[in-house]
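Take the sequence shown: its position 17, counted from the start at 1, is 17 in the numbering used here, and no numbers get skipped.
Don't read these hints as lab results, they were simulated from the structure.
Please read these numbers as outputs of a predicted model, since none were measured by experiment.
Among the hints, erroneous ones may be present.
To be verified - Heads up, simulated EDC-like pairs for lysine to aspartate or glutamate below, C-alpha to C-alpha not over 16 Å straight-line:
1. Lys14 to Glu92
2. Lys14 to Glu80
3. Lys91 to Asp30
4. Lys91 to Glu80
5. Lys91 to Glu4
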Amino acid sequence: MAEEYRVGIVCTDKGQHPRVRLTMARREPDGSHGMTYAFRNFAPPMSDAEPQTAVGRNSYVFRCPSCPRMPQVAATRWWEIIDRLAAAGIKELDISLLP
(Lines of atoms letter the chains of each structure in order from A and count residues from 1; the text may use other names and numbers.)
(Lines give C-alpha, C1' and ligand atoms only; values in the text may rest on other atoms or scores of the structure.)
Protein backbone atom coordinates (compact mmCIF):
# COMPACT_ATOMS: atom_id res chain seq x y z
CA MET A 1 0.00 0.00 0.00
CA ALA A 2 1.36 3.45 -0.97
CA GLU A 3 1.70 6.27 1.49
CA GLU A 4 -0.94 8.99 1.21
CA TYR A 5 0.15 12.62 0.85
CA ARG A 6 -0.94 16.11 -0.19
CA VAL A 7 1.36 18.84 -1.58
CA GLY A 8 -0.06 22.29 -2.29
CA ILE A 9 1.07 23.88 -5.57
CA VAL A 10 1.31 27.68 -5.51
CA CYS A 11 2.76 30.51 -7.59
CA THR A 12 4.36 33.72 -6.31
CA ASP A 13 6.13 34.69 -9.56
CA LYS A 14 9.38 34.29 -7.63
CA GLY A 15 8.05 36.47 -4.80
CA GLN A 16 6.59 39.18 -7.05
CA HIS A 17 2.92 38.63 -6.14
CA PRO A 18 0.97 37.15 -3.22
CA ARG A 19 0.80 33.36 -3.01
CA VAL A 20 -1.86 31.93 -5.35
CA ARG A 21 -2.98 28.31 -4.85
CA LEU A 22 -3.04 26.56 -8.24
CA THR A 23 -3.76 22.96 -7.31
CA MET A 24 -3.17 20.21 -4.76
CA ALA A 25 -1.09 17.18 -5.78
CA ARG A 26 -2.13 14.03 -3.97
CA ARG A 27 -1.47 10.33 -3.71
CA GLU A 28 -4.25 8.13 -2.38
CA PRO A 29 -3.75 5.06 -0.15
CA ASP A 30 -4.34 2.82 -3.20
CA GLY A 31 -1.29 4.38 -4.95
CA SER A 32 -3.25 6.46 -7.46
CA HIS A 33 -2.33 10.12 -7.80
CA GLY A 34 -3.87 13.24 -9.22
CA MET A 35 -4.43 16.96 -8.82
CA THR A 36 -7.41 19.24 -8.25
CA TYR A 37 -8.73 22.03 -10.51
CA ALA A 38 -7.69 20.53 -13.85
CA PHE A 39 -8.09 22.99 -16.71
CA ARG A 40 -8.62 25.89 -14.31
CA ASN A 41 -5.01 26.43 -13.22
CA PHE A 42 -3.20 23.58 -14.95
CA ALA A 43 -3.62 21.19 -17.84
CA PRO A 44 -2.56 17.55 -17.56
CA PRO A 45 -0.67 15.87 -20.41
CA MET A 46 -2.92 14.91 -23.31
CA SER A 47 -1.58 12.78 -26.14
CA ASP A 48 -3.80 14.50 -28.71
CA ALA A 49 -2.91 18.09 -27.67
CA GLU A 50 -2.53 20.53 -30.53
CA PRO A 51 0.61 22.72 -30.70
CA GLN A 52 -1.33 26.01 -30.63
CA THR A 53 -3.06 25.20 -27.30
CA ALA A 54 -1.84 25.62 -23.72
CA VAL A 55 -1.89 21.84 -23.25
CA GLY A 56 1.18 19.64 -23.47
CA ARG A 57 1.41 16.14 -24.88
CA ASN A 58 3.82 14.87 -22.22
CA SER A 59 3.91 17.72 -19.72
CA TYR A 60 1.77 19.38 -17.11
CA VAL A 61 1.24 23.05 -18.00
CA PHE A 62 0.49 25.43 -15.13
CA ARG A 63 -1.21 28.81 -15.52
CA CYS A 64 -1.14 31.41 -12.81
CA PRO A 65 -4.08 33.86 -12.91
CA SER A 66 -1.92 36.56 -11.27
CA CYS A 67 1.03 36.60 -13.67
CA PRO A 68 1.97 35.56 -17.21
CA ARG A 69 4.00 32.57 -15.98
CA MET A 70 3.08 29.22 -17.62
CA PRO A 71 5.63 26.65 -16.45
CA GLN A 72 5.67 23.21 -18.06
CA VAL A 73 6.99 20.09 -16.34
CA ALA A 74 7.32 16.64 -17.93
CA ALA A 75 4.84 14.25 -16.30
CA THR A 76 7.45 11.73 -15.12
CA ARG A 77 9.62 14.49 -13.66
CA TRP A 78 6.58 16.12 -12.02
CA TRP A 79 5.64 13.06 -9.98
CA GLU A 80 9.28 12.44 -9.04
CA ILE A 81 9.45 16.01 -7.65
CA ILE A 82 6.17 15.62 -5.78
CA ASP A 83 7.21 12.23 -4.34
CA ARG A 84 10.51 13.71 -3.11
CA LEU A 85 8.76 16.69 -1.51
CA ALA A 86 6.26 14.42 0.22
CA ALA A 87 9.04 12.11 1.48
CA ALA A 88 10.84 15.15 2.92
CA GLY A 89 7.66 16.36 4.62
CA ILE A 90 7.41 19.49 2.47
CA LYS A 91 3.76 20.47 2.11
CA GLU A 92 3.99 23.18 -0.57
CA LEU A 93 5.77 23.88 -3.86
CA ASP A 94 6.09 27.31 -5.45
CA ILE A 95 5.96 26.35 -9.13
CA SER A 96 7.62 29.64 -10.11
CA LEU A 97 10.84 28.56 -8.38
CA LEU A 98 11.37 25.47 -10.54
CA PRO A 99 14.16 25.88 -13.11
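Which of the numbered hints above does this structure break? 2, 3
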